[in-house]
Amino acid sequence: GALYFSYQSIETNRIIYYLYCCLFTLLACYTKYTGPVLFLIFLFIAINRRRDIERQWLVFTIIIPILLLLPYLILFIKIVSITGIAQRHGKLFGINHLKFLYYAIRFAPLIFFTGILYRMKEKRDYFILIIIIVFFAVLGFYYPYLRLTYPLIPFLSLLSAAFLYKFKKIRYYLLVLVFFLNVLIGNDTLIYKSRFPLSIAKQVESLHTEYDFTYVFTLVPPNIVFYLDGTILQSEHVIPQVFRNVRFVRSRETIKAGENLLSNQKYALFIYSSVFEDPKEIFKSIRHLAIQKDSFEFIDAPIYYKDLFNNLRTKKQIYELFIVSLEKLDTPVLTSLWNIAFEPGVTVIKK
Numbered sequence: 002g003a004l005y006f007s008y009q010s011i012e013t014n015r016i017i018y019y020l021y022c023c024l025f026t027l028l029a030c031y032t033k034y035t036g037p038v039l040f041l042i043f044l045f046i047a048i049n050r051r052r053d054i055e056r057q058w059l060v061f062t063i064i065i066p067i068l069l070l071l072p073y074l075i076l077f078i079k080i081v082s083i084t085g086i087a088q089r090h091g092k093l094f095g096i097n098h099l100k101f102l103y104y105a106i107r108f109a110p111l112i113f114f115t116g117i118l119y120r121m122k123e124k125r126d127y128f129i130l131i132i133i134i135v136f137f138a139v140l141g142f143y144y145p146y147l148r149l150t151y152p153l154i155p156f157l158s159l160l161s162a163a164f165l166y167k168f169k170k171i172r173y174y175l176l177v178l179v180f181f182l183n184v185l186i187g188n189d190t191l192i193y194k195s196r197f198p199l200s201i202a203k204q205v206e207s208l209h210t211e212y213d214f215t216y217v218f219t220l221v222p223p224n225i226v227f228y229l230d231g232t233i234l235q236s237e238h239v240i241p242q243v244f245r246n247v248r249f250v251r252s253r254e255t256i257k258a259g260e261n262l263l264s265n266q267k268y269a270l271f272i273y274s275s276v277f278e279d280p281k282e283i284f285k286s287i288r289h290l291a292i293q294k295d296s297f298e299f300i301d302a303p304i305y306y307k308d309l310f311n312n313l314r315t316k317k318q319i320y321e322l323f324i325v326s327l328e329k330l331d332t333p334v335l336t337s338l339w340n341i342a343f344e345p346g347v348t349v350i351k352k
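Note that our numbering has the sequence shown beginning at 2, numbered continuously upward.
Hints may contain errors.
[What the hints assert, rightly or not] Okay, derived cross-link-like pairs now, BS3-like style, lysine-lysine, Cα gap no bigger than 25 Å in a straight line:
#1 Lys316 x Lys79
#2 Lys294 x Lys316
#3 Lys203 x Lys267
#4 Lys294 x Lys352
#5 Lys257 x Lys352
#6 Lys316 x Lys203
#7 Lys329 x Lys257
#8 Lys100 x Lys79
#9 Lys257 x Lys351
#10 Lys124 x Lys79
#11 Lys351 x Lys100
#12 Lys170 x Lys122
#13 Lys257 x Lys294
#14 Lys33 x Lys100
#15 Lys124 x Lys169
#16 Lys79 x Lys33
#17 Lys122 x Lys167
#18 Lys122 x Lys33
#19 Lys79 x Lys122
#20 Lys351 x Lys203
#21 Lys267 x Lys294
#22 Lys294 x Lys329
#23 Lys329 x Lys352
#24 Lys294 x Lys203
#25 Lys257 x Lys267
#26 Lys203 x Lys317
#27 Lys329 x Lys351
[Unchecked claim] Label-pair restraints from in silico Cβ distances:
#28 Ser207 x Ala138: 45 to 53 Å
#29 Asn14 x Phe343: 24 to 32 Å
#30 Phe343 x Tyr166: 54 to 62 Å
#31 Thr210 x Phe181: 42 to 50 Å
Hints are computed from structural coordinates only; laboratory data are not their basis.
Keep in mind the model is a prediction, meaning the values are calculated, not measured.
Just so it is clear, CB atoms sit at the ideal spot from N, CA and C, and this is done for glycine as well.
Based on the sequences and whatever the hints tell you, model everything.
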């Protein structure tokens, strides 16, 4: 949306397109890690179309969105910290352009090859080319997750369609054929076929029926959490002090270190996965208290299913489910169990 309206604003110089471009740029930056790449794309577009661009385009496309994005960036750095950002993303940087190129071809081979056969003619063709080159160049320095390649496909599709359009009598047939062949060839990059997350969710429900616990402590990939019924509880530590009195924030269920919700419970369920570096260290306080109720071995963990270059994709993952009886535990032990809720990566679900 941001790129479409930025193009329309250059072509028409209408204020409504400037406003739409500003809005969609902000939405992209607030919802996607790749959103800020837009500013670099806009910069190169401005250089390429410098004779056509009005001052308003730079103001609404770059300056205002950056100013409106600053509060989020400041808040993000304050909460996560520079060290936390470096620890999370630093190890993911590298030179992975060839791997992303493979993903683009693997995901949409016919669109890719017909797209690169198109001969540039119009200004708008170079507009699209700048988007593809800048996004691909920046993306290549990050870890090659398949899903990050997806935004390239619509722009390659435009070039592909332009190439196919010159075949006057059969162009519509070619467009349909290319579309369906790409879906067929790239089927395994689109659909997650394992029912493993659902199996874990069913086992949790079975244990819930048997033990009637209220809280589930999980250290598992996001796809597993997605299938678990219940309310995800938010730690007070991740809510900035400035927002804690805001009504919609207070209405969400939060957990506090000083309010041990396990003190009046009979049982609690703990689930962890070996996909994490050392889950047993986080859950060490429950080992002598817990009863293991189930264990799953699974090759191809959900979050890595489509990322062909991730070593964990073919590594066996072990998922273990433990029930802990809480009734006879003294306060220090209950406190140590409750503190697990505030460990990095742990998600607490209320049934």
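Do the hints match the structure? See the list:
Of the pairs offered as hints, the one joining Lys316 and Lys79 is violated, with about 36 Å between alpha carbons and a cut-off of 25 Å exceeded. Between Lys294 and Lys316 the alpha-carbon distance is near 23 Å, which keeps this suggested pair within the 25 Å criterion. Note on Lys203 and Lys267: the hinted pairing holds, with a Cα-Cα distance of about 21 Å set against a maximum of 25 Å. Restraint check for Lys294 and Lys352: satisfied, since their Cα atoms lie roughly 18 Å apart, inside the 25 Å limit.
Using a Cα cut-off of 25 Å, the hinted pair Lys257 and Lys352 holds, with the two alpha carbons roughly 18 Å apart. Between Lys316 and Lys203 the CA atoms are separated by roughly 24 Å; this keeps the pair inside 25 Å, and the hint holds. For the proposed pair Lys329 and Lys257, the alpha carbon gap of about 23 Å is at most 25 Å, so the pair holds. Between the alpha carbons of Lys100 and Lys79 the distance comes to roughly 34 Å, so the proposed pair goes past 25 Å and is violated.
At most 25 Å may separate the alpha-carbon atoms for a hinted pair to count; Lys257 and Lys351 meet this at roughly 14 Å. This hinted pair does not check out: Lys124 and Lys79 have alpha carbons roughly 43 Å apart, beyond 25 Å. Distance check on the hinted pair: Lys351 and Lys100 sit about 40 Å apart at the alpha-carbon level, beyond 25 Å; violated. Taking the CA atoms of Lys170 and Lys122, the gap is about 22 Å. The hint holds against a cut of 25 Å.
Using a Cα cut-off of 25 Å, the hinted pair Lys257 and Lys294 is violated, with the two alpha carbons roughly 28 Å apart. Our distance criterion of 25 Å between C-alpha atoms is met by Lys33 and Lys100, whose separation comes to about 21 Å. Only pairs whose Cα atoms come within 25 Å are accepted, and Lys124 paired with Lys169 is accepted, the gap being roughly 23 Å. This hinted pair checks out: Lys79 and Lys33 have alpha carbons roughly 19 Å apart, not beyond 25 Å.
For the proposed pair Lys122 and Lys167, the alpha carbon gap of about 13 Å is at most 25 Å, so the pair holds. For the hint pairing Lys122 with Lys33, the CA-to-CA distance comes to about 32 Å; that exceeds 25 Å, so the pair is violated. With a C-alpha separation of about 48 Å, the suggested pair Lys79 and Lys122 falls outside the 25 Å cut-off, and the hint is violated. The suggested pairing of Lys351 with Lys203 holds, with an alpha-carbon distance near 16 Å, which does not exceed 25 Å.
Using a Cα cut-off of 25 Å, the hinted pair Lys267 and Lys294 holds, with the two alpha carbons roughly 16 Å apart. With a C-alpha separation of about 20 Å, the suggested pairing of Lys294 with Lys329 holds against the 25 Å cut-off. Only pairs whose Cα atoms come within 25 Å are accepted, and Lys329 paired with Lys352 is accepted, the gap being roughly 22 Å. The straight-line distance between the Cα atoms of Lys294 and Lys203 is roughly 13 Å, inside the 25 Å bound, and the hint therefore holds.
With a CA separation close to 20 Å, the supplied pair Lys257 and Lys267 stays within the 25 Å bound. A hinted pair counts as satisfied when its Cα atoms are at most 25 Å apart, and Lys203 with Lys317 qualifies at roughly 21 Å. For the hint linking Lys329 to Lys351, the alpha-carbon distance of about 22 Å falls within 25 Å, and the restraint holds. The hinted window of 45 to 53 Å between Ser207 and Ala138 holds, with their beta carbons roughly 50 Å apart.
For Asn14 and Phe343, the hinted distance range of 24 to 32 Å is not satisfied, since their beta carbons lie about 53 Å from each other. In this structure the supplied range 54 to 62 Å holds for Phe343 paired with Tyr166, their Cβ-Cβ distance being about 57 Å. Our hint of 42 to 50 Å for Thr210 and Phe181 holds, since their Cβ atoms are close to 45 Å apart.
Checked against the numbered hints given earlier, this structure breaks hints 1, 8, 10, 11, 13, 18, 19 and 29; the rest are met.
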